[in-house]
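There are 2 protein chains.
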Amino acid sequence: MKPIASAAVIIGNEILTAKVEELNGAYLIRRLREKGIPLRWMCIVPDEVDAIVEAVSTARSKADCVFTSGGIGPTHDDITVRGVALALGRPVVRDPELERRVIHHYGGKATPEALRLAEVPEGTKLIWRDGIWYPVIHCSGVFLLPGVPQLFRLQLDSVLESMEGAPVHLRSLYLGVGETEVAHVLDQIALAMPHVSIGSYPQFDSSIGYRVKVTVEYSRPEPVNDVIDQLMQKLPAGAVLRVE
Amino acid sequence: MKPIASAAVIIGNEILTAKVEELNGAYLIRRLREKGIPLRWMCIVPDEVDAIVEAVSTARSKADCVFTSGGIGPTHDDITVRGVALALGRPVVRDPELERRVIHHYGGKATPEALRLAEVPEGTKLIWRDGIWYPVIHCSGVFLLPGVPQLFRLQLDSVLESMEGAPVHLRSLYLGVGETEVAHVLDQIALAMPHVSIGSYPQFDSSIGYRVKVTVEYSRPEPVNDVIDQLMQKLPAGAVLRVE
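So the protein sequences, as listed, match chains A and B.
Each position in the first sequence, counted from 1, maps to that position plus 1 in our numbering.
Each position in the second sequence, counted from 1, maps to that position plus 1 in our numbering.
All the pointers check out, no bait thrown in.
Once the Cα atoms are required to be at most 27 Å apart in a straight line, the calculated DSSO-like pairs of lysine-lysine come out as:
1) A:K110 - A:K126
2) A:K36 - A:K63
3) A:K36 - B:K20
4) A:K235 - A:K214
5) B:K20 - A:K3
6) A:K20 - B:K3
7) B:K235 - B:K214
8) A:K235 - B:K110
9) B:K36 - B:K126
10) A:K214 - B:K110
11) B:K235 - A:K20
12) B:K235 - A:K110
13) B:K36 - A:K20
14) B:K63 - A:K20
15) B:K20 - A:K235
16) A:K36 - A:K3
17) B:K36 - B:K214
18) A:K110 - B:K214
19) B:K20 - A:K214
20) B:K214 - A:K20
21) B:K63 - A:K63
22) B:K110 - B:K126
23) A:K63 - B:K20
24) A:K63 - A:K3
25) B:K3 - B:K126
26) B:K36 - B:K63
Treat the hints as calculated values from the structure; they're not laboratory data.
Please construct the entire structure, taking both the sequences and the accompanying hints into account.
Take a look at the structure:
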């Protein structure tokens, strides 16, 4: 799979109520960037079916590849499979292979609650990885990952291995003047080259040796270099401290 | 203001592309929890007007108090005011008091780009704080906060000072058995007392002295104690390692 864009839905009351620090979203952002898969949107929602359905639907309207984190398990608050299935308009079914694995994992005597772990949206493909007995559930571009950070990372890495990203070319300028002094130049260039992503990030800590960082980013290097050249020409003399 | 629920919209390509680590969302989650203001939903969106309009509209459908982070400033990528105004169905206007402050801040000669900082959704109230020359823009329950973390924190604290939260009563059980062994008991109690929030959080690090943490939370202590008592009675003998 070579995703055009991705989105993510982080599920869990524990995150929104500060019981657990959110780590999976930050890890996902880093790994997607390394891999060159653009992330368009991310959302944190409570353990409520309606909220999950809405968030997964929104995510799918923005991206062809959606990651969910959390709500996979045997207890009452593990409702991600149901929410994703509803968002996809598919019934929840028991997967025969997964059922065998669950029963095996529980030593041949799985309780009804344990067997919930074998329920998936219809049409799911299971992604297995050595060293974890439970697979990633993949259905229609939605990848259901566990919320426990160690497991999330392992499972995400399995999924990303099978994906192809696109290169990102990024260059940065560090300025010794404030944003208002360069805004009109940035405006002009951003308007003329809307496909190139230009960011402007002020910082107010005087111990750091610059006042604004300007980033220029695109999938090919030429437009990036072109924008950098234009910035160097048009920005006030002496404004640019360094280019990376 | 005594918010019933809050939601947040974090705005910035720099977050989604891993150029800047997201800190404001995590800080907001902690501070809202300390203050006793429930957070229902949080979203990270790119610097695009449509994405901001959609996210702010969704946030307002879930909460009476919405915080935005980022996209406040004089450059082309600072479009939060426009996005919020569109989400609220209000025009963007220049605030006379803010205009005076902007001109004063820039030593009497503000450029057109600097004057963008005086534009707000119509009907805005400005929240000033000593030590920062720029206010929080507040319009119809939406609080527009800057993305730079030091400023975000100062401004958020100004806003929260004027708000009243509700108490949260939380107790926790630590279990020595896995989730599948307790899922049916949790199910039963969660179903019978749907107003009380019951969470179940497994962990798989054997060096930590428990396997599942169960949290029980409500705005009054009696239902929390009631659920804890029921859990102690119904969970398998010896399953509970400790209660907090």
